[in-house]
Amino acid sequence: QVRHVWFILTVLHLVLGLKKAALASKYAIAKSSGPNRGEIVAGKQSMVDNGIEIVHNRMEETLRADVCPSSGIVLTASTGLFGSASYLDCYWIISPPAAVTIALSVLGMNWATTVNVYSCTNPTCLGYQMEELAESPLSVYSVPQTVFSFTGAMKVKYSGGTTGLKFSYKSSIASCPDNGATLVLLSDSISDGAGAYANNLICSWIIATPGAFSVSLSFNSFKTEYSDKVYVYQCTTSACTNLNQVPGSPFSGSTIPSTITSLYGILKVVFISDGQNTDEGFSATFISTLPTCINSGSVFTASIGSIAVDSSYQNYQTCQWIIAPPGAVTVTLNFSKFSTQAGCDVVRVFSCPDS
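Count the sequence shown with our numbering and you get residues 177 to 531, in order.
Keep in mind the hints are simulated off the structure, nothing from the lab.
Possibly wrong hints are sitting among the right ones.
Stated by the list, open to error - Label pairs and their in silico Cβ distance ranges:
#1 Gly429 x Tyr489: 39 to 49 Å
#2 Gly519 x Gly429: 23 to 33 Å
#3 Tyr489 x Asn510: 28 to 38 Å
#4 Thr516 x Leu439: 21 to 31 Å
#5 Arg524 x Ser390: 18 to 28 Å
#6 Lys399 x Thr508: 39 to 49 Å
#7 Gly503 x Ser482: 19 to 29 Å
Note that beta-carbon positions come from the ideal geometry of N, C-alpha and C, so glycine has one too.
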């Protein structure tokens, strides 16, 4: 019985050894002595240093602390995964051919990590060709779900920190009207464009009318594949670095979403489609509301009265009143108090032939 057990253990040891050798052969990993010992082999992320270590697409294996996998490499696939488990500074350039939009998502980040993200006007992402995104630098305390570049190239730079940095990205060669724009009109519309939208579409808009204290977004039409989604976020600033997804978001299917109102006056809308099947898409209209005054818009018909704007009036505030007592021949307006920013905040008084 002892000999049988010894024989079985020997066979198992042999089988495991053969499997290990076959795995190493399958991924064809060779030793490298460069400072960034990382390479892409057969669609897998791999690295070698004093032995064989394999990192599969989920990037769940433990990496050496002195290696930046694929650091400095231009990633040209339309989608991909990358990251680092090192203490060194690392960077990646994402530049798929003909890309219009790139969406970068954070899958994992350690508390001590700082990541700068840049939009590039050229695939080389030289200094003068880069502009740091408003959401950058990213940290574990302020990580948006997704950040976007609308120039077709992006640079991601990792400085210091510890292990656990993981990203995914997706690019699109198609676009939407006003893609990437910050819309500042009191009322306007957004859509994915005429006809059926494209596969692998990435579109984003920020609605930020200056001075608006609320904005309402109403969908006129809506029909997407269930895997193609419209995300709507409330923001506290026009850069939309702090996002709060509205109830019900993301939206997909053929049911028109209810009107969405933000009391912050700023919304961000993102539309992302996958690589299979499309539909008619969506269109939506927004209306922003500016601060107003007490009784603004009223027509005063009493023979005597008062109007006032207190000292807490706000930027971009617009108010108006009409004074039209029936049968009046003259109207006299006396100011008992007046204090506004000279040359900027003005009161205009008009004489009208009728009410």
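Against the structure, the hints:
no., hint, in the structure
1, Gly429 x Tyr489: 39 to 49 Å, "44 Å, holds"
2, Gly519 x Gly429: 23 to 33 Å, "53 Å, violated"
3, Tyr489 x Asn510: 28 to 38 Å, "20 Å, violated"
4, Thr516 x Leu439: 21 to 31 Å, "26 Å, holds"
5, Arg524 x Ser390: 18 to 28 Å, "26 Å, holds"
6, Lys399 x Thr508: 39 to 49 Å, "60 Å, violated"
7, Gly503 x Ser482: 19 to 29 Å, "21 Å, holds"
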